[in-house]
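Asks: Chain by chain, the residues:
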Amino acid sequence: MSSGRTNSSAFSSGSPLRRLGPWLLLGVVIVATLSLAVFGTRDAPTTQDRVSSISRTVKCPVCSGESVAESNAPASQEIRRDIALRVQEGQTDDEIRSYYVARYGEAILLTPSASGINALVWILPVAALAVALAGLAIVFRRWSTEPAETASPEDRRLVEAALRGDETGSSELADPTDGHGEGDSR
Amino acid sequence: MTSSRETGARRGGSNLARNAAIVVGIFLVGFIALLATRGANTPISSRIVGQAAPNFSGETLDGSRFDLAMHRGEWVIVNFFATWCTECRLEDPQISQFVASHEGEPVKVVSVAFSDDAESIRTYFAGRQGASWPVIPSDTGRIALDYGITKVPESYVVAPSGLVVAGFFGGVTASGLDEVINENGGMAMAGSGS
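Chains A and B, in that order, are what the protein sequence lines are. Following full-length UniProt numbering, the numbering of the first sequence begins with 1 at its first residue and continues without gaps. Following full-length UniProt numbering, the numbering of the second sequence begins with 1 at its first residue and continues without gaps.
Everything labelled a hint here was simulated from the structure, so no lab data went into it. Watch out, some of these pointers could steer you wrong.
[Claimed, not checked] Simulated restraints, written as ranges between beta carbons of each label pair:
#1 Asp117/B - Val121/A: 36 to 46 Å
#2 Thr173/B - Ala130/A: 54 to 64 Å
#3 Ser138/B - Trp122/A: 35 to 45 Å
#4 Ser175/B - Asp94/A: 36 to 46 Å
#5 Asp94/A - Ser161/B: 27 to 37 Å
#6 Ile32/B - Val38/A: 25 to 35 Å
#7 Leu16/B - Asp94/A: 35 to 45 Å
#8 Leu129/A - Thr173/B: 52 to 62 Å
A quick note: this is a predicted structure, and the numbers were derived from the prediction, not measured. Each residue gets a CB set at the ideal place from its N, CA and C atoms; glycine is no exception.
Pulled out of the complex, with its shape left as it was, chain A reads as follows (with noise of 0.2 Å):
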């Protein structure tokens, strides 16, 4: 009986690996299809994959909201061409997103960096989110510690009659069986 009872115990419906698992396995598959969807089989990018990624990035310079590889305005056309020449000469994304900041100033990157001002851009999504999932967290947790319900006022001064009229005897004809209070009297 108490062995069972000790084996029992790891899944008993309050221990917290029955009560984390769930969550610890959702964990756990959130991970592995991240990982999958950004470290799998995925070959290396070829220079035309770098020159279109990066074209994506770069704002065309007369245009409205527009990238250079969706552009074909002449200054366009001489930044493709240019970031392709990078590319083949070994720069990097950084490197070559870097030489057209310092020519044309931040505006010119439609994906902003994440110095800086532009830094708000990634982090205020992220902290927005963690401070809605900790309120949530927060406010569950609460909601699962309190009672379902509580004893109005009205409910205490029941009680309390009741106790009172059990000191004077008149309970005496009470049956202890009876939840009711109902007594003989059925």
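Given the coordinates of chain A, assemble chain B onto it according to the supplied hints.
Replies: Chain B only, in chain A's frame:
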């Protein structure tokens, strides 16, 4: 007593939820404001004015070589143009006039082709009895991008010290170029950078 504690706990929970919602709301409003003010439609222009002029060299129409570094100590007007650009054709007489008025002075003009082919440029200048200043017809884009060109015509005034002191976003005029040179010390500055 217990009841008030429970009510307080419940109220505390709802307060917390409300505060969390406010904080998240502030984050989101800030995020939207940041995106809205990033200025995706802000005109982009060169940042080269005030910086050292990027050096360049290239073969000119007459087969000689122009090297900007060899002209340190002189005023140099670096002009970007294309034969398909109407405004560039319109500024040509102004450049000719400027070059003629500064003959024998430490002032040079060099034109660099932008997004154009050498043959069109040769044909264009052949029809105008050539250019009286050096023209580099076969830039691969590097020189123009080094100067942060967005569209032609664009011109930059390089002081004798090697610093870019002004930019013209559009066609230049002879008087406009003279004005910039005079505002920045004029011919007295020539020779100071060598």
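Asks: Indicate, hint by hint, whether the structure satisfies it.
Replies: Structure-based check of all given hints:
Judged by the Cβ atoms, the range 36 to 46 Å given for Asp117/B and Val121/A holds: they are separated by roughly 41 Å. Here the CB-CB span from Thr173/B to Ala130/A is close to 58 Å, well matched to the stated 54 to 64 Å. For the pair Ser138/B and Trp122/A, the supplied restraint of 35 to 45 Å holds, since their beta-carbon distance comes to about 42 Å. A hinted range of 36 to 46 Å holds for the C-beta pair Ser175/B and Asp94/A, which are about 44 Å apart.
Asp94/A and Ser161/B have their C-beta atoms about 32 Å apart, which keeps the hinted 27 to 37 Å range intact. Between Ile32/B and Val38/A the beta carbon distance is about 28 Å. The supplied range of 25 to 35 Å therefore holds. Roughly 42 Å separates the CB atoms of Leu16/B and Asp94/A, a value that falls within the hinted 35 to 45 Å. With their beta carbons about 56 Å apart, Leu129/A and Thr173/B fall inside the hinted range of 52 to 62 Å.
Violated hints: none; the structure is consistent with every hint.
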